[in-house]
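**Q** Sequence:
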Amino acid sequence: MNTPLRLFTLLSLLLGLCSAVHATQSDTLAVPSALLDGPHRLHRPFRTDSLTLGKKAFDPTEVMRYNRGRAQLPPSSHCTSITTGTPLTPDAFHILHFTVDAERWTKVKLDAPRMNRFDTFINGTSGQAGELRLRPGRTRISLILYGDSTARDTFRLALIGTNARYLRVNEAAPRKYSLDDMTFGERFYGMRLSPSGRYLLTYYNNTRLNGETTYRTVLTDLTQNRILFRREGYEHVSWMPRRDALYFTRQTDSGRQFLTIDPATMTERTLATGLPDGHLTLSPDERFLVISVSDEGPQAGALKLLFTPDDRMPNWRSRSSLFLYDIASGTTQRLTYGKESMHLTDIATDGSRLLLMRTVMSPTQSPFDRSDVFEYHLTTGRMDTLLTAQPWLRHAQYSPDARQILFTATPAAFDGIGSEVLPGQQPQGFDVRLFLYDLATRKATPLLPGFCPSVDHAEWHHADGMIYMACTDGYDRTLWRLNPKTRERIRYQLPTTLVQGFSIADTRHPRLAFYGQTGTTARDGYLTRLTERSTPKCIPFGEVSFQKAHGEVRTASCTPWQFTTTRQDTIQGFYYLPADFDATKHYPMLVYYYGGCVPTTRQLEFHYPLSVLANMGYVVLTLEPSGATGFGQEFAARHVNTWGQMSANDIIEGTKAFCAAHPFVNAKKIGCMGASYGGFMTQYLQTRTDIFAAAVSHAGISNIASYWGGGYWGYTYGETANYGSFPWNNPRLFTEQSPLFQADKIHTPLLLLHGTSDTNVPTNESQQLFTALRILGREVSYIQVDGEDHVIGDFHKRRQWQDAIMAWFAKHLQDDGTWWKDLGYE
1 MNTPLRLFTL LSLLLGLCSA VHATQSDTLA VPSALLDGPH RLHRPFRTDS LTLGKKAFDP
61 TEVMRYNRGR AQLPPSSHCT SITTGTPLTP DAFHILHFTV DAERWTKVKL DAPRMNRFDT
121 FINGTSGQAG ELRLRPGRTR ISLILYGDST ARDTFRLALI GTNARYLRVN EAAPRKYSLD
181 DMTFGERFYG MRLSPSGRYL LTYYNNTRLN GETTYRTVLT DLTQNRILFR REGYEHVSWM
241 PRRDALYFTR QTDSGRQFLT IDPATMTERT LATGLPDGHL TLSPDERFLV ISVSDEGPQA
301 GALKLLFTPD DRMPNWRSRS SLFLYDIASG TTQRLTYGKE SMHLTDIATD GSRLLLMRTV
361 MSPTQSPFDR SDVFEYHLTT GRMDTLLTAQ PWLRHAQYSP DARQILFTAT PAAFDGIGSE
421 VLPGQQPQGF DVRLFLYDLA TRKATPLLPG FCPSVDHAEW HHADGMIYMA CTDGYDRTLW
481 RLNPKTRERI RYQLPTTLVQ GFSIADTRHP RLAFYGQTGT TARDGYLTRL TERSTPKCIP
541 FGEVSFQKAH GEVRTASCTP WQFTTTRQDT IQGFYYLPAD FDATKHYPML VYYYGGCVPT
601 TRQLEFHYPL SVLANMGYVV LTLEPSGATG FGQEFAARHV NTWGQMSAND IIEGTKAFCA
661 AHPFVNAKKI GCMGASYGGF MTQYLQTRTD IFAAAVSHAG ISNIASYWGG GYWGYTYGET
721 ANYGSFPWNN PRLFTEQSPL FQADKIHTPL LLLHGTSDTN VPTNESQQLF TALRILGREV
781 SYIQVDGEDH VIGDFHKRRQ WQDAIMAWFA KHLQDDGTWW KDLGYE
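The sequence shown maps to residues 1 to 826 in the working numbering.
Incorrect hints may appear among the rest.
[Said to hold, decoys possible] Computed list of lysine to aspartate or glutamate pairs in DMTMM-like fashion (alpha-carbon distance at most 25 angstroms, straight line):
| hint | residue 1 | residue 2 |
| --- | --- | --- |
| 1 | Lys797 | Glu826 |
| 2 | Lys548 | Asp582 |
| 3 | Lys745 | Glu779 |
| 4 | Lys109 | Glu788 |
| 5 | Lys443 | Glu459 |
| 6 | Lys797 | Asp744 |
| 7 | Lys669 | Glu788 |
| 8 | Lys668 | Glu103 |
Keep in mind that the hints were calculated from the coordinates and are not lab data.
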């Protein structure tokens, strides 16, 4: 160690700022200083007896248990700084806080030779006594110490471990965004504006340190900027269609009631009693309710003869019927009856007509699902059939004057009048467009010619006559306004690139409430007015925000990137760089993709924590390959009948092009990962290239034929992925594109992950490939997540699942297998 560095280290120790020890010097790292909360003098209780009724003697160390909540909180401004050698007051308890920054996962022993009795907390969670497991990033260590009257404790701490060289104690710089930042705390869960825009219901959820999720409901008078109520829990209330009153239902001894609340006075009024159980829809004129009631179908015994391939699914035999409840008379009558479910899609503004849809599924037709659309006239009881056996329809709603119907559907609907794909292509089933159906002429017209985004949700606004659309827009989710008369479109430039939720008031120039994310922020809500201006003034709103939650935290940067393929196509994407990025270094890289259907959105909080992984020392590249929606019809149609061919080409070319353009990437240390179809892409990529040093596939498809026949939605998803192709008429597609049939080409270390209760992609898809690669002697690991479905929903299991992914990449891309071994894996 040279003299300047020795002097700097010595100075740091003396000042208690930061400490590090070079790998060749020692594996022991001193903790030179800590923040002290205390001393808190101990008080002796008045004892009426030496034992409790349960014959327990008084334990003075219980003070640690009763004050653990204080140790779980970050240090307050009242804490003082102490350094090594500071004596601690006897007959008192103390709380000590210090931080440790780790570049890599590290396990160290906490050595405290002069402190006798203490409990340890890691980022507010109880830790194993004397042993610390530190994820990459900053960890707050808190100790609550007990000292009796004879105690002679002195602050002296050290961290001992083989990877102590990666640690820094009490770093002064703002910490990097971490997995805990992404996981815990409050966020928006929903927003609902009243029709006039005066009142706003805001829902929040909070993920606590123990993994529990709680909810809160807040009602705000926006005109007076006043909170009318704040209640713990999720209040199941909605706004009346055309006035500022809330409605809800309540179960009583006299039956199910329908009630309203006046937000100005908070008074309740009962409008109906004795309602049938089921989902209800209130008519716009508030005269009646339409209630969807589900009835169980015939039950099977020990032997079950399946009616159709989908009959294996739970509750498939249940059917829904519609009932009408007249509020004035308090009477209930059935509207629909039969073997097939009938669904209400909309009610005319004047309450005179109902728009109904029935979808019939038959495996012998292509496509399998076809819809009938009906209009029911309440005054006469007449049922008009508007459309029969129409494929590719999603949803329908009336225009404000009820003379037209707005359909959401794929480009192939209405005999393909909105299709813009190339000859020989089939429009992709997840690519959604809008069609206008005229009730007088019975003709449909496409509303969005030349429109690249895919429509996620559309609302035909009554007050201004405009259609507002939330769209998958490339790798963003944006809000648009469509004038149905002029076809003029406006894309609103909002401060969130991913609109997660929104609500629009029913007035001209309506108020908009929304919340969302960007690649570097999350948990932000706003209010604005929607006009012809494409960049409205947005005012922050809500009891949570990214600034409040993570004001000084350093997130990974997120930068758009694109490249041109050898086909001369432009492929979009974006990449994350660590918050402490150094262009002179060489970083391992992770490549993420979905691989088809829907793109990966640009967002900070994500099931796959891309930004967090970047802050762990990776460059993270996200590519939007051929087949993704949001980039135009032709681009999305590339998903059909290719099963990875074009997508893999784009990912391989894009990865190579990014490495060539960015010399800070270590091209020999590249990993890739994906889930579901993206898990299939992970497997398939390894049969096509050797550029990856490690790969992760969650719930991936290894055998297209077995998934097609075995997954709950395998053969119906096939209408999107392989329309018109079946194992008997196109066996080449089902075999040559299946990773299982190319398993001998896989040499990349591969981690397979799968929930044992996955009904979408059954576990045999991972099991088959695992078996094949073990027979071939390739490096493969297979982790089953007990009891989880296609998405890992359980909090604690999801954390372990994420740890396994991070540890796998640390082992293969950072040459450090300690985390993987600590998880108990070989």
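**Q** It remains to establish, for every hint, whether it holds in the given structure.
**A** Structure-based check of each hint:
1. Lys797 to Glu826: holds, 20 angstroms
2. Lys548 to Asp582: violated, 28 angstroms
3. Lys745 to Glu779: Distance ~13 angstroms between Lys745 and Glu779 Cα, so the pair holds.
4. Lys109 to Glu788: This hinted pair is violated, its Cα atoms lying about 34 angstroms apart.
5. Lys443 to Glu459: holds, 21 angstroms
6. Lys797 to Asp744: Violated, because 32 angstroms separates the two Cα atoms, which is more than 25 angstroms.
7. Lys669 to Glu788: Violated, because 31 angstroms separates the two Cα atoms, which is more than 25 angstroms.
8. Lys668 to Glu103: Given pair Lys668, Glu103 holds - Cα atoms ~20 angstroms apart, limit 25 angstroms.
Hints 2, 4, 6, 7, counting from the list given before, are not met by this structure.
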